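Peer 1: For this one, chain A is given, so just place chain B on it according to the hints.
What follows is the residue order along each chain.
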Amino acid sequence: MNRKKFIATLSILGIGSVAGYYGFQFAKTKGTPDLNFLDNNKDLLADLCETIIPKTNTPGAKEAMAHEFVIYSLKHSKEEALVNNFINGLKDVQSYSLSKYDKPFTQLTKNEQIQVVAHFQEIGKNFSGGLGKVRNKILGKSFFSILKEKTSVGYCTSMLGAKQGLAYEYVPTRFIGCTDLLPGQKSWATK
Amino acid sequence: MSDSLNVNLNIKAEAQITYDAIVVGSGITGGFAAKELCEKGLKTLVLERGRNVEHIKDYTTAMKHPWEFENRLEITDEDRTTNPVQSMSYDPGNKHFYVNDQDHPYIQQKPYNWIRGYQVGGRSLTWGRQVYRFSDLDFEANLKDGHGVDWPIRYKDLEPWYNYVEQFIGVSGCADAIPHLPHGDYLPAMDMNCIEKHLAESIKKNYDQRWLISSRVANLTKGFKDRGPCNFRNLCSRGCPYGGYFSSNSASLPAANATGNLTIRPHAIVQEIIYDPQTKKAKGVRIIDELTKETMEFYAKIIFLNASTIATASILLNSKSSYFPNGFGNSSGQVGLNLMDHHKGVGATGMYEGFKDKYYAGRRPAGVYIPRFRNLNEQTKHPDFVRGYGYQADGERSEWPDVMKDDDSFGEGYKQKLSTPGPWTMWMGAWGECLPNSENKIWLDAEKKDKWGMPLVNVNFEHGANDMAMRKDAKESAQEMLEKANFKNIKPFEFLFPGTAIHEMGTARMGRDPKTSVLNAHNQMHDVKNVFITDGSAMASSGCQNPSLTYMALTARACDFAVSELKKGNI
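Line order of the protein sequences matches chains A and B.
According to this note's numbering, the first sequence is numbered sequentially starting from 1.
According to this note's numbering, the second sequence is numbered sequentially starting from 1.
Don't read these hints as lab results, they were simulated from the structure.
From a predicted model like this one, the values you see are computed outputs, not experimental measurements.
Note that the Cβ used here is the ideal one computed from N, Cα and C, for glycine as well.
One thing to keep in mind: the hints can contain errors.
[As the list claims (entries may be wrong)] Heads up, incomplete: computed chain A residues facing chain B, CB under 7 Å, no partners named:
id, residue
1, P54
2, P104
3, Q164
4, G165
5, T173
6, C178
7, K186
Extracted from the complex, chain A is given alone in its bound form (with noise of 0.2 Å):
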């Protein structure tokens, strides 16, 4: 990075650890994503899409298998931030996990993972509003955007998310402009 974007970032980012730790950060977003990686932490991987999207009354992301697609989606990116801000967000998820539970992410608890992806879900929106979008302009989206926008796209365009979370019509064969909305009738999957 030349030094006058570095201090530029600085300046709009403000000063101390979160500078630091952007700065760091922008350093990573260059080079060639590891995408390997992607595919030797599958589990890792479907289970932060579970966190976002958990099994309930209906599957969860990774019974309907999100991480699949985005793992596809990542691999067919050409943006080398988002990936590269995507791939470091999963390893620090990693060695986060470790430093404060001693466990990689996919041995913690329920509630620990929801713990450690709402530390991300902080990271990622330090800068809302305007400074939001100019921080996203230089460093490229968050991890948790990126993670929660790619597992609701794959989640809610899935099988077991577009049947069984969501209400899925292959062939409607009618259209009813005006109906009663039934106690706990889903959204329509499709548009």
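Peer 2: Relative to chain A, chain B alone:
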């Protein structure tokens, strides 16, 4: 061969090179011309530059579920990079009905998205299916405000042909009596949902001469001529296995084929029209085979050019001879000029707090329509612009694609929100008239060529001050209508990507004077009497209505005239 079709195909080593009629292009107007000419007994050759697409059999994605697409229904960065223009319009479900930008380059003097589908059926497979008639408000506009040249026809000339076309294609819609949006005899309209009805009532209460109606759309709410009905999947652009909407493939080409008079020649890129100075008529066309790059000639008594606006003008400009040094039938110098395209992508969205106990069922492949309400008469005159715009609109409840953007939670609560219908929202976007302007034009590049040796097309297009003033009003009026109907969180939007309406028109316009127009009142070339042009290039003004219905009405009318003239021995 793999793409053979169940009609008479003319692939190679043609024994037959002479026909009664040649139709260049198999899209929405070429297909219709083929049907009309075949039904009138003419042996007709349809030349299509792309591959064959057989109805149903070649709709390879039509029955796929979202999870059967690797990247689901999202385009990839690869699409954005290699197909920057076409990918603005396609998704993985219909991508195969769009050209590849790498194979089909053109030169944008200013940003202009030329979105194309080179295959049998052309863009009739992927069209928006909205069908609104023009009225004399449109046909008299050029004469009254002085932009462009006067249309050589009026509504009464086209009215029977609108009826005729609608009765073949099948139109669902409301027959509300709106003076400047004449209607036909329609199949039942698709339902409005409760938020759309709410907005319709509010507009009726708050405004004079303003309506919100169910869209008029070439989807079949009932079975019609052995086609349909629509199954409300909203996947039309993949091709419909039920024949639920009108396309060349589902309707007009099969009708043409049923006569026994149709021959389709795919992979036939028309290089030029051949002029016969003895007869002062077109003799035929020369094509390049898309696959072998061999050239060959076909001959006919009459030629219909229906290649689509920019391509038709390009063929004319490429057909130079000592008789037509500036391009075929271009003594006026107007070929390629006056390119028009509706401006769109401006309006507003709003959220409504009521009707929480209501929803809808099925996926309607259409929305609602607010016909033009500016400059209808003295009372509705706007100080800043001439002509007007209509809104296409759509009400729905927030569903997962909206929730995932707006919500910042995760876990069980988030999942619950994803799976529960959210607030009602309304989206309103204007489609506005574009004035004819000779600076908006296409021409052939003197040096650059495509891989078939055809000169690249230059497109120079920009929306003018009138269009921009109209957009400002469209943005404000949308917000005002939503406010009056008690919507909350009203957000205006505006983005302008010229060309993305995919309503290009005007490059071989009709007119009364051969010095200022290319075609006469029957879409016949002023200069060459056995050549007819009935695609979008014939349009003398753009209106603000979706134009394909008017193209088809002009086509049917011109075919009737052409065959009559042929029989009289006049051409």
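Peer 1: A separate judgement is required for each hint: does it hold in the structure or not?
Peer 2: Tested hints:
no. : hint : result
1   : P54  : holds (6 Å)
2   : P104 : violated (20 Å)
3   : Q164 : violated (9 Å)
4   : G165 : holds (6 Å)
5   : T173 : holds (5 Å)
6   : C178 : holds (5 Å)
7   : K186 : holds (5 Å)
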